[in-house]
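Participant: Place chain B on chain A using the hints.
Residue numbers (this note's numbering), protein chains in the order written: chain A, 245 to 453; chain B, 4 to 667.
Hints are computed from structural coordinates only; laboratory data are not their basis. Remember, it's a predicted structure, so these values are computed and weren't measured experimentally. Some hints here could point you the wrong way.
Said to hold, decoys possible - The list that follows gives simulated cross-link-like pairs (lysine-lysine, DSS-like), each with its CA atoms no further than 30 Å apart:
(1) Lys363/B - Lys213/B
(2) Lys341/A - Lys423/A
(3) Lys435/B - Lys363/B
(4) Lys296/B - Lys518/B
(5) Lys276/A - Lys213/B
(6) Lys48/B - Lys276/A
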Amino acid sequence: MADTAVHDAVDEHDDHGHGDVHHTSTGLSNNKLAMWLFLGSECLLFGGLISTYMLYRGRHSANGGPDQFWDIPFTSASSFVLLMSSLTMVLAVTAAKRKDDRNTNLWLTVTAILGSLFVAGQVYEFTTFYREGLGYTTSLFSSSFYTLTGFHGVHVSVGVIMLLATVGMILKNRIPGDKAEVVELVGLYWHFVDIVWILIFTLVYLIPA
Amino acid sequence: MALIERPAPAEAPAVATPSSSFGVFRRPVESTGWKSWLFTIDHKKLGIMYGAAALFFFLVGGFEALLIRLQLAGPNGTILSADKYNQMFTMHATTMVFLFVMPMAAAFANYFVPLQIGARDVAFPRINAFGFWCFIGGAIFINTSWLLGGAADGGWFMYAPNSSVPFSPTHGIDFWGLGLQITGIASLTGAINLIVTVINMRAPGMSLMKMPIFTWMILVVQFLLLFAIPVITVALFLLMFQRNFDATFFTVEAGADPLLWQHLFWIFGHPEVYILILPSFGIVSEVLPVFSKKPLFGYPLVVFSGAAIGFVGWGVWAHHMFASGLGPISVAVFSVATMAIAIPTGVKIVNWTMTLWGGKLSFTTAMMFSIGLIIEFTIGGLSGVTHAVAPSDTQQTDTYYIVAHFHYVLFGGAILGIFSGLYYWWPKMFGKLLSERLGKWNFWTMIVGMNLAFGPMHIIGLQGQPRRMYVWTDARAGEGFFNLGFWNLISSIGAFILGIGVLLFFINVFVSSRKKERAPLDPWDARSLEWMTTSPPKEHNFDVIPTVGHLDEFFHRKYEDRGEGDHHDFHQVATAEEIMAEQEANADQHIHLPSPSYWPLLLAFSLPVMGYGLIFNLLLVPVGAAIALASMFGWSLEPHTASPADYDPPTPQGGAELEVSTNG
Numbered sequence: 245m246a247d248t249a250v251h252d253a254v255d256e257h258d259d260h261g262h263g264d265v266h267h268t269s270t271g272l273s274n275n276k277l278a279m280w281l282f283l284g285s286e287c288l289l290f291g292g293l294i295s296t297y298m299l300y301r302g303r304h305s306a307n308g309g310p311d312q313f314w315d316i317p318f319t320s321a322s323s324f325v326l327l328m329s330s331l332t333m334v335l336a337v338t339a340a341k342r343k344d345d346r347n348t349n350l351w352l353t354v355t356a357i358l359g360s361l362f363v364a365g366q367v368y369e370f371t372t373f374y375r376e377g378l379g380y381t382t383s384l385f386s387s388s389f390y391t392l393t394g395f396h397g398v399h400v401s402v403g404v405i406m407l408l409a410t411v412g413m414i415l416k417n418r419i420p421g422d423k424a425e426v427v428e429l430v431g432l433y434w435h436f437v438d439i440v441w442i443l444i445f446t447l448v449y450l451i452p453a
Numbered sequence: 004m005a006l007i008e009r010p011a012p013a014e015a016p017a018v019a020t021p022s023s024s025f026g027v028f029r030r031p032v033e034s035t036g037w038k039s040w041l042f043t044i045d046h047k048k049l050g051i052m053y054g055a056a057a058l059f060f061f062l063v064g065g066f067e068a069l070l071i072r073l074q075l076a077g078p079n080g081t082i083l084s085a086d087k088y089n090q091m092f093t094m095h096a097t098t099m100v101f102l103f104v105m106p107m108a109a110a111f112a113n114y115f116v117p118l119q120i121g122a123r124d125v126a127f128p129r130i131n132a133f134g135f136w137c138f139i140g141g142a143i144f145i146n147t148s149w150l151l152g153g154a155a156d157g158g159w160f161m162y163a164p165n166s167s168v169p170f171s172p173t174h175g176i177d178f179w180g181l182g183l184q185i186t187g188i189a190s191l192t193g194a195i196n197l198i199v200t201v202i203n204m205r206a207p208g209m210s211l212m213k214m215p216i217f218t219w220m221i222l223v224v225q226f227l228l229l230f231a232i233p234v235i236t237v238a239l240f241l242l243m244f245q246r247n248f249d250a251t252f253f254t255v256e257a258g259a260d261p262l263l264w265q266h267l268f269w270i271f272g273h274p275e276v277y278i279l280i281l282p283s284f285g286i287v288s289e290v291l292p293v294f295s296k297k298p299l300f301g302y303p304l305v306v307f308s309g310a311a312i313g314f315v316g317w318g319v320w321a322h323h324m325f326a327s328g329l330g331p332i333s334v335a336v337f338s339v340a341t342m343a344i345a346i347p348t349g350v351k352i353v354n355w356t357m358t359l360w361g362g363k364l365s366f367t368t369a370m371m372f373s374i375g376l377i378i379e380f381t382i383g384g385l386s387g388v389t390h391a392v393a394p395s396d397t398q399q400t401d402t403y404y405i406v407a408h409f410h411y412v413l414f415g416g417a418i419l420g421i422f423s424g425l426y427y428w429w430p431k432m433f434g435k436l437l438s439e440r441l442g443k444w445n446f447w448t449m450i451v452g453m454n455l456a457f458g459p460m461h462i463i464g465l466q467g468q469p470r471r472m473y474v475w476t477d478a479r480a481g482e483g484f485f486n487l488g489f490w491n492l493i494s495s496i497g498a499f500i501l502g503i504g505v506l507l508f509f510i511n512v513f514v515s516s517r518k519k520e521r522a523p524l525d526p527w528d529a530r531s532l533e534w535m536t537t538s539p540p541k542e543h544n545f546d547v548i549p550t551v552g553h554l555d556e557f558f559h560r561k562y563e564d565r566g567e568g569d570h571h572d573f574h575q576v577a578t579a580e581e582i583m584a585e586q587e588a589n590a591d592q593h594i595h596l597p598s599p600s601y602w603p604l605l606l607a608f609s610l611p612v613m614g615y616g617l618i619f620n621l622l623l624v625p626v627g628a629a630i631a632l633a634s635m636f637g638w639s640l641e642p643h644t645a646s647p648a649d650y651d652p653p654t655p656q657g658g659a660e661l662e663v664s665t666n667g
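Just chain A, same shape as in the assembly:
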């Protein structure tokens, strides 16, 4: 890497959390440990939002509930798109481990496109619900629904930005430290966001209120 100082192995000390796997007390890389901790914290963020939704999902007017608005086939399709993006993410990670930049970039881009498709689907869905009369402040049900799925949508969007930024940095050869690990970290985040969606899709859409 052009801009990572090459240190002599003996005196190297991992001040920066960049990859130096062998120098940590546990052998785990600092970056990976930090990402896992962050995701652990995120569990409670979504835990709080999901609890709020579960508390309020029945609180709406007689004909303003999930049954009147959900379009299960559509949401199933967009869920499928998001889940497939986890597959392409795995392909990106394995390509990165093989040091195959071309395929890494290809699969990262495909993942980003699938993620964007999901977000586009969510925007479409929100717009439709809104036109049909489900505003953000219509009922407790609608507020907690939009808040929960909105937070998830923002997470997916941030993930898409991360994916594209990674592609850009690989193309310009500007990734500090271990490239495969950076891709893997983005992957960890991406899979987490997918898993959260599985929960949301089940609890919000599939289980009848």
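Facilitator: Coordinates of chain B only, in the frame set by chain A:
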């Protein structure tokens, strides 16, 4: 003399392009002057800045407290209006909890955890700087509300629906909520950073059970923060949507459940209590053995009871809500859990007492503050157990008895521990001892002040004076021993004595800063690794990363055990100076420290911009977001060490080594 090298210029000698950011700014590389502080990513400088800012907010919060006590000193107080009084107690608590005790613990953690585990910095130095600036940004953001229409007035737990717009139409609560989101980012990033540091960056040989106890307690606290902060984040977001975007999460007329806020707040809020107290427990567990000349009694028990507090602390939140009608089963469960958490806490008290038992005690100021903590915290702990008994708690809810309790545990616990740490570690951080004579005065005025201020609150509370009442009248003050007026006056006098005690500390700091004489290398005959370096430590902390064989490694390098079997007989074999000299002689020759950076500061700056945007003009939000995005890209494209060309003048080819003088 160890050298801190610039990155070896021989690697890329041909073109010396400054690694400027977006081609505009030269990377900051100064190691002296204001820039070296503003852009620093050194955990020690950040620790000192955390501490300085926290102590400043301690004064702010203390000033607010004194205004409250002035108002309540006599009947029909006129110092504050009802509205100002509400703002004052809300901001007093917010300031003390979020802007003093938490960042003060962060200060000690930042400064001493890497030193105690024999590391040269934390795992992510730039994220560390980012966290610090988030805290500063959030703290200033919250306090600007005083000038922009009034501060938050809903009490520190901001119960809904009382915190909704109809009941609090100013922007105060918006400032409070968004400001706490920003300081929350500081806590969350700090937690991740410190956990990774402790888990991954210990010196060779330092297993978890050889780790200094302060580091252990900080580790537990960071896990609590990691899981508690996201919960308050959700609550604050819901509150923001409620207040700024007309959602009805807490509007009872719309069918909302006001207990939702209480649950979310206290699932955060109760672990928060342990977040406040455990760092001080760690400090005390360091100080007592040093000044008793004995190892900490039952080190594993202290570790596990700390971890147990961390776990059980998640299962007791509803004891704050006994009066809200949860139903008998919930109340019974939380009541029992709350009593159970007294057990690990009691274990700690016993261990500290046993550490003192039979020791050669030296009553330094640090030691006295620690002993003060044991006593005052126990008083607070005992009144705490009376809250665990639900029927009794129902009587006490929202009275001054509660106020008495949490001031005994937080002032008598957290803050006395912090002062113990300040006196103990001051020579390490600044190379000068604080005056012991002034220190004793400081200690005794604080102890007398706190007992006079908070002790009578037990009585006025049990007599039924509600907390948060902005005025009391003679007609209803009662008679004889239980006369509220008398005890309120005593409490106010105590608060001012306490204020004098705090002032004495700052006088002590000032006096010591004027003194010429340096503190000895090892003034207390200390036991842990942070003392095995210069005072203040060099930029790279240790000339040689120590290899650890014992708990209390530094002690075991100084003393040799010549006893047999269970009988210990320690003889000094080396002085701190000799150990230091040996280290300097064998210093590592190539130490790479990451270079300072603008990006953490800029990224943190973008957050209050977005905050003001959400309150005053939504157009500012995209501006802040753009700054944030740009600084994130700048950050991730920035190498962790500056290129030679960033130095002024650029490193000459062939590479002179940069010698860092550390004794200045």
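Participant: All hints are to be evaluated individually against the structure, with a verdict given for each.
Facilitator: Here is what the structure says about each hint:
1. Restraint check: the Cα-Cα separation between Lys363/B and Lys213/B comes to about 24 Å, which is no more than 30 Å; the hinted pair holds.
2. Between Lys341/A and Lys423/A, the direct Cα distance comes to roughly 8 Å. Compliance with the 30 Å bound is thereby established for this hinted pair.
3. Only pairs whose Cα atoms come within 30 Å are accepted, and Lys435/B paired with Lys363/B is accepted, the gap being roughly 25 Å.
4. At roughly 29 Å between alpha-carbon atoms, Lys296/B and Lys518/B fall within 30 Å of each other, so this suggested pair holds.
5. A distance of roughly 25 Å separates the Cα atoms of Lys276/A and Lys213/B; the hinted pair therefore holds under the 30 Å criterion.
6. With a CA separation close to 27 Å, the supplied pair Lys48/B and Lys276/A stays within the 30 Å bound.
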